[in-house]
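First to last, the sequence lines map onto chains A and B.
Going by our numbering, the first residue of the first sequence is number 46, and it counts up by one from there.
Going by our numbering, the first residue of the second sequence is number 39, and it counts up by one from there.
All the pointers check out, no bait thrown in.
Example chain B residues on the side facing chain A (calculated, C-beta under 7 Å, incomplete):
| # | residue |
| --- | --- |
| 1 | 52 |
| 2 | 60 |
| 3 | 277 |
| 4 | 280 |
| 5 | 283 |
| 6 | 284 |
Derived coverage of chain B by chain A (criterion: at least 3 residues anywhere in the stretch with Cβ under 8 Å from a Cβ of chain A; other residues may be distant):
| # | stretch |
| --- | --- |
| 7 | 53-59 |
| 8 | 127-135 |
| 9 | 197-205 |
Since the hints were derived computationally from the structure, they do not count as laboratory data.
No residue lacks a Cβ here, since even glycine has one placed at the ideal position from N, Cα and C.
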Amino acid sequence: MIFVKNLTKIYKGYSKPTKRLWTVLSFGFYEGDIFYPALEDISFEVQKGEILGIIGRNGAGKSTLLKILTGVTGYDFGTVKVKGSLRSLLELGVGFNPELTGKENLYYNGLIYGFSPYEIQKAEKEIFEFASLEEFKNVPLKNYSSGMNVRLGFALASFKRPDILLIDEALSVGDASFQQKSIKQIQDFVKAGTCVVVVSHDLHLLSSFCNRILVLERGKLIIDSIPKKALEKYMQVLALAEEESHTQISYSSILEYYNVSIFNSSGISTTTFFIQEQITIKINFTLKQKIEDLTVGFHIEDSRGIRVFGTNSHILKTEAKPTHNLNYSCSFQFPICFREGKYSLSISIHRGDSHIEGCLLWKESILDFEVERINLPKFEGLVYTPVKCNWH
Amino acid sequence: MKNIFFQRLTLVWILTKRDYAIQFAGTKFGLAWMVFQSIALISLYILIFSILNLKSSSNHYIDILSGVLFWIPIQDMILKSSQILVENRNIIKKSKIGISLFLKVPILQFFIHLSLLFLPCLIFFVWLGKLNIFLFILNFFWMLFCVILLYPFISYLSQANVLLKDISPMLRILLQFLFWTLPILYTPSLAWKEILSWNPFYFMLEIFRFLILKDYLPYINWYCVVCFILLSIFFHTFSNKKLTKIVLDQL
Numbered sequence: 046m047i048f049v050k051n052l053t054k055i056y057k058g059y060s061k062p063t064k065r066l067w068t069v070l071s072f073g074f075y076e077g078d079i080f081y082p083a084l085e086d087i088s089f090e091v092q093k094g095e096i097l098g099i100i101g102r103n104g105a106g107k108s109t110l111l112k113i114l115t116g117v118t119g120y121d122f123g124t125v126k127v128k129g130s131l132r133s134l135l136e137l138g139v140g141f142n143p144e145l146t147g148k149e150n151l152y153y154n155g156l157i158y159g160f161s162p163y164e165i166q167k168a169e170k171e172i173f174e175f176a177s178l179e180e181f182k183n184v185p186l187k188n189y190s191s192g193m194n195v196r197l198g199f200a201l202a203s204f205k206r207p208d209i210l211l212i213d214e215a216l217s218v219g220d221a222s223f224q225q226k227s228i229k230q231i232q233d234f235v236k237a238g239t240c241v242v243v244v245s246h247d248l249h250l251l252s253s254f255c256n257r258i259l260v261l262e263r264g265k266l267i268i269d270s271i272p273k274k275a276l277e278k279y280m281q282v283l284a285l286a287e288e289e290s291h292t293q294i295s296y297s298s299i300l301e302y303y304n305v306s307i308f309n310s311s312g313i314s315t316t317t318f319f320i321q322e323q324i325t326i327k328i329n330f331t332l333k334q335k336i337e338d339l340t341v342g343f344h345i346e347d348s349r350g351i352r353v354f355g356t357n358s359h360i361l362k363t364e365a366k367p368t369h370n371l372n373y374s375c376s377f378q379f380p381i382c383f384r385e386g387k388y389s390l391s392i393s394i395h396r397g398d399s400h401i402e403g404c405l406l407w408k409e410s411i412l413d414f415e416v417e418r419i420n421l422p423k424f425e426g427l428v429y430t431p432v433k434c435n436w437h
Numbered sequence: 039m040k041n042i043f044f045q046r047l048t049l050v051w052i053l054t055k056r057d058y059a060i061q062f063a064g065t066k067f068g069l070a071w072m073v074f075q076s077i078a079l080i081s082l083y084i085l086i087f088s089i090l091n092l093k094s095s096s097n098h099y100i101d102i103l104s105g106v107l108f109w110i111p112i113q114d115m116i117l118k119s120s121q122i123l124v125e126n127r128n129i130i131k132k133s134k135i136g137i138s139l140f141l142k143v144p145i146l147q148f149f150i151h152l153s154l155l156f157l158p159c160l161i162f163f164v165w166l167g168k169l170n171i172f173l174f175i176l177n178f179f180w181m182l183f184c185v186i187l188l189y190p191f192i193s194y195l196s197q198a199n200v201l202l203k204d205i206s207p208m209l210r211i212l213l214q215f216l217f218w219t220l221p222i223l224y225t226p227s228l229a230w231k232e233i234l235s236w237n238p239f240y241f242m243l244e245i246f247r248f249l250i251l252k253d254y255l256p257y258i259n260w261y262c263v264v265c266f267i268l269l270s271i272f273f274h275t276f277s278n279k280k281l282t283k284i285v286l287d288q289l
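Whole structure, please, built from the sequences with the hints as guidance.
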């Protein structure tokens with residue numbers, strides 16, 4: 046339904062206002078003197094019923110890609126083919142005017158989206174109900190809160206199923222119950238055959254929602270893979286980018302040696318654990334020089350790439366102390382209360398509270414392990430917590 | 039093809055209605071104000087000119103009224119066009135409507151304004167016995183032709199206004215210059231007519247008056263007409279593709 050091959054988009058800019066004047070006077074034949082490649086040689090396909098996530102740092106080219114797919118902006122080289130009716134939620138409530146009432150905005154924007162007046166009239170009640178704004182129908186939008194505004198925008202944009210749905214950061218709108226409602230609505234569309242392209246910075250949303258994820262960095266496609274692999278790559282991109290920005294020190298070269306093990310409650314290094322068992326993650330490492338505000342962290346992801354748990358020594362308010370010279374040993378003990386299944390452990394060593402500042406090491410899926418359920422009742426969800434049930 | 043044309047026409051109508059709705063949002067009478075404003079404005083002119091005309095036997099006030107009838111909607115259209123892309127930049131950037139449909143909004147508004155102003159003037163001209171009853175209806179076709187000729191310039195200016203914010207204030211000055219070089223408030227001498235007829239709106243106004251007023255003899259500089267048509271074709275050919283692509287990126 047979406048076919049993109051060798052797509053390249055170059056934004057043009059101007060170093061001086063007089064250069065803009067030249068563009069105007071030359072009818073656009075002079076395009077400017079600053080060229081910024083927003084997208085370079087991007088190729089991918091999205092099929093019916095597929096959900097494709099796109100992630101990347103600011104300026105990576107995510108929104109430009111969606112704009113090109115929507116047809117809002119053009120491109121310089123490559124091929125873009127989009128088959129089927131397309132709706133894009135590039136910005137919820139775009140085109141809404143604060144002076145008009147919710148009902149008027151619904152009518153005019155619905156028509157702009159391509160719905161017929163009859164369709165809008167018929168769906169009006171349903172849309173306001175979905176947005177939980179029935180009593181605000183005749184209130185001007187300037188009196189709506191920002192949450193109400195986007196709820197109405199989402200309800201309008203999603204009341205009829207399109208073949209292709211493009212979403213730019215529009216799934217994190219409203220309160221938790223509205224988010225669930227929105228996601229369910231989109232999942233229903235997908236079941237009916239809609240293909241969805243979603244841009245988001247919400248790793249949890251992408252990993253739980255998408256079949257595939259593209260990682261973009263500076264206009265280039267870094268990886269097109271299943272969520273787990275793609276998000277691991279994205280975290281590496283973030284860590285590398287930060288290292289590049291700290292030009293005075295190359296943090297990654299400071300680390301001389303490291304090793305990681307997980308021990309069960311009996312102190313045995315293993316890769317199989319039982320729900321509620323006390324486990325210990327031990328990270329030993331040696332540095333070449335002393336680092337201030339040193340932090341060691343870890344996170345655990347399930348087989349779908351959903352981050353189940355993570356923490357670090359900075360959050361836990363513990364200070365790093367070397368065991369001998371510049372050798373460090375950091376351990377985390379906790380009961381493993383996750384549901385049965387396969388998990389992977391990732392670790393990081395960095396400065397401050399996150400690996401975004403001064404990253405010495407970022408290792409995704411450094412160890413894989415399994416959690417098994419023995420002598421415990423069946424349960425729903427990602428975590429297990431003991432529950433007592435009484436009848437009175 | 040026919041379907042697409044009607045879809046686009048419907049969308050222009052919706053965008054036009056939306057533009058009016060925004061202008062008069064929150065008012066009790068809403069769109070009725072737009073109708074009332076236009077009719078009240080031209081009725082005021084008519085009232086004053088009818089009082090003045092009773093004291094004068096010349097056709098001077100008739101010329102002024104026909105000139106005003108021509109100029110007010112054209113001026114509004116040009117000013118609105120220069121702003122339309124900037125005013126709606128969010129919706130253009132985030133939806134697939136595109137630039138060209140928005141540029142048609144001021145044109146549709148032009149015909150609505152013209153129709154509203156036309157009606158009281160027609161009654162006045164009939165009362166004075168000055169209406170060209172055989173040709174006046176052709177004025178809508180003539181204005182349509184004028185708008186087609188003006189569209190490439192309007193499109194160019196509105197897109198230029200996205201890149202250069204100086205266009206809007208410059209345009210107001212230019213419109214003042216064009217207004218005062220048109221024979222609306224005065225009757226120029228023959229020598230002046232030759233010079234002023236190079237104003238591209240001059241021949242449009244003269245034919246407009248010829249079609250609406252009985253026994254009106256237009257003064258047309260055919261060289262100017264040909265030059266203007268050629269210039270319009272030139273702007274249409276060169277300003278569309280390349281400039282639109284840049285403007286979409288710069289919005």
